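K.L.:
Residue strings, one per chain:
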Amino acid sequence: MGEEQIIFYFFAASVLISALFVVVMKNLVRSIFLFFVTLFSLAALYLFALADFIALAQVVIYAGGVLVLMLFAFMLSNRELLNSLKPVASGFKVNHFAGIFISLLFLFILFAVIIKTDFNQFDWMEERVPINASDNTTHQIGIQTMTTYLLPFEILSVFLMMALIGAAHLARKGGKT
Amino acid sequence: MTFYLTYVLVATALFAFTALFTLFALYSERKISAFIQDRIGPMEVGKYGTLQAFADIIKMLQKEFIIPTAADKILFILAPIVIFVSVYLGFAALPWAPGLIPSSLNLGLFYIFAILSIETLGILMAGWGSNNKYALLGSMRSVAQMISYEIPAGVALISAVMVAQSLNLQEISIKQGILTTEQVYFLGIWEVKSVGGFLAWNIFQAPHLILAYIIYFIASLAECNRAPFDIPEAESELVGGFHVEYSGLRFAFIFLAEYSMMFLVGMIGVVLFLGGWNTPLPNFGSAKLALWTSGIGWGIFWILIKTLAVVAVQIWIRWTLPRLRVDQLMSFCWKVLTPLAFLCMLISGLWRLGVMQ
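From first to last, the protein sequence lines stand for chains A and B.
In terms of this note's numbering, the first sequence has 361 at position 78, counting the first letter as 1, and numbering is strictly consecutive.
In terms of this note's numbering, the second sequence has 137 at position 78, counting the first letter as 1, and numbering is strictly consecutive.
One thing to keep in mind: the hints can contain errors.
Below, simulated BS3-like cross-link-like pairs (lysine-lysine); rule was C-alpha separation at most 27 Å, straight line [unchecked claim]:
id, chain 1, residue 1, chain 2, residue 2
1, A, 309, B, 132
2, B, 347, B, 252
3, B, 192, A, 309
4, B, 118, B, 90
5, B, 192, B, 122
6, B, 122, B, 106
7, B, 394, A, 456
8, B, 90, B, 132
9, B, 90, B, 106
In silico negatives: residues of chain A with every beta carbon more than 12 Å from chain B [what the hints assert, rightly or not]:
id, residue
10, 310
11, 323
12, 336
13, 342
14, 346
15, 354
16, 379
17, 383
18, 393
19, 396
20, 445
FYI, nobody ran anything at the bench for these hints, they're computed from the structure.
From a predicted model like this one, the values you see are computed outputs, not experimental measurements.
We put the CB at the ideal spot given by N, CA and C, even for glycine.
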């Protein structure tokens, strides 16, 4: 096993273990901070897929943005409200059944998709354009966004604009406008 | 294996540099503030108090680690490490001289920007982990301010990147001096490729970048939580901000991060706007000043001089201007800096298409 593989498995394990702890942990704030480990390790895995731009975008948007937003939402929320969330007593309950059922179903779908897919048949696999770690991917991303993927890009920006206007409207204090 | 040894050596050298710089900046900050306030500053330890910073750090090292009983111990202990490491990682992509850069990333600038955004997380960690209302308030203010000011800073940087056409900080540096292979125009008119010097710096290649640099500089002050944007540690309201519960070496690490951050943001500004490691002296006819003052040694010298000058201005501003109020701070960011930064970006695009063709 080369050192790349060792590092890869290290990060893969760290994603899985930290994700598990995020769900299991009782302390909400610690679990959000642990979520950072998951997101950051995921960024490292993107690096192994030679998607350096995506990896850094992951760090900026999720680790630096969404996570801080989650923490803010948590810290600004009412303490009484959080205390009223009592943990369900351990042991099997009827309302666990739906959760287990959905999780198993989802696991089954994932497995089915992974087994059925022939990874060598995709167009982008057959073209076999070699990517090097030193390639300037930003250049390609810029050109592709402005040509092939212009429509999705524009739709996304309109969506973001709508979200911004909506947020500004909600944040507005009282009064009818 | 020598491969890995170089990595370790480079990392150690950078760490040693941040530590030395912090000691130096600590002393100069005390001296400059003293001169501004018509005092003489530290005079007891060493000649003119030059050993004062060392005495301070020895005192720090001896102090006890105090963890408040009600604190969240894990978060409290981890926070200074996260804060410092996120700033320290940023140094990996900064160019020091022609051919001398720890890691020449294609996405260098984006990487630094990404890694610095983790610092906000460390500050929140410190604030929450301390379980102290002043610390929590300070960290909330700090994060709100850093996130808001990231926008004008980022857009101002992008307007420089649009002129330089690269995110690799080494390439951006090369394009602002005599080593470039492209055409360089002073103010878009005068070909200065062989003249070099300050005439080829980004702010003189495209003059609107002067405005972009001022925006970036102001926003970078806010990102360092330094006065006039130091409401996160406003002593009169919050005791000491998010690091109020920290003592000893942990406090030293938070301080180290703050001063390293000053140097880092100063150096990013220097690389993107003020020519990086390029010499400010142009070639005058037979006096090839730019040629004589380029090279690895000169590169390190110039970038250090420029960055230290920027840091000196940061210190000067801190001891000159009063603290802004929260609402003034936010309206300044959103109503003044952000629109101006977007204007700079627009002009950059037009400049690139119209003038620099």
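K.L.:
Evaluate each hint against the coordinates.
P.N.:
Here is what the structure says about each hint:
Restraint check: the Cα-Cα separation between residue 309(A) and residue 132(B) comes to about 16 Å, which is no more than 27 Å; the hinted pair holds. Restraint check for residue 347(B) and residue 252(B): the C-alpha separation of about 13 Å stays at or below 27 Å, so the hint holds. Restraint check for residue 192(B) and residue 309(A): satisfied, since their Cα atoms lie roughly 23 Å apart, inside the 27 Å limit. Pair hint residue 118(B) plus residue 90(B) holds up; C-alpha atoms about 19 Å apart against a cutoff of 27 Å.
Of the pairs offered as hints, the one joining residue 192(B) and residue 122(B) holds, with about 24 Å between alpha carbons and a cut-off of 27 Å not exceeded. For the suggested pair residue 122(B) and residue 106(B), the alpha carbons sit about 26 Å apart, so the restraint of at most 27 Å is met. Annotation: proposed proximity of residue 394(B) to residue 456(A) holds, straight-line Cα distance about 19 Å (limit 27 Å). Of the pairs offered as hints, the one joining residue 90(B) and residue 132(B) is violated, with about 37 Å between alpha carbons and a cut-off of 27 Å exceeded.
A distance of roughly 13 Å separates the Cα atoms of residue 90(B) and residue 106(B); the hinted pair therefore holds under the 27 Å criterion. The beta carbon of residue 310(A) is not kept farther than 12 Å from every beta carbon of chain B, the shortest such distance being approximately 8 Å. With a closest Cβ-Cβ approach of about 8 Å to chain B, residue 323(A) is found to fall inside the 12 Å limit, against its non-interface label. For residue 336(A), the condition that its CB be more than 12 Å from all CB atoms of chain B is violated, with the nearest at approximately 6 Å.
Taking the minimum C-beta to C-beta distance to chain B, about 4 Å, the non-interface status of residue 342(A) is violated against the 12 Å cut. The Cβ of residue 346(A) sits about 6 Å from the closest Cβ of chain B, inside the 12 Å cut-off, so the non-interface label is violated. For residue 354(A), the non-interface assignment is contradicted: its Cβ lies about 5 Å from the closest Cβ of chain B, within the 12 Å cut-off. Residue 379(A), annotated as away from the interface, keeps every beta carbon of chain B farther than 12 Å; the closest lies near 30 Å.
Residue placement check: residue 383(A) keeps its beta carbon more than 12 Å from all beta carbons of chain B (closest about 31 Å). Listed as a non-interface residue, residue 393(A) keeps its Cβ farther than 12 Å from every Cβ of chain B; the least gap is roughly 29 Å. Remark: the non-interface label on residue 396(A) is consistent with the geometry, its nearest Cβ contact in chain B lying 31 Å away (cut-off 12 Å). Residue-level check passed: residue 445(A) sits 19 Å from the nearest beta carbon of chain B, beyond 12 Å.
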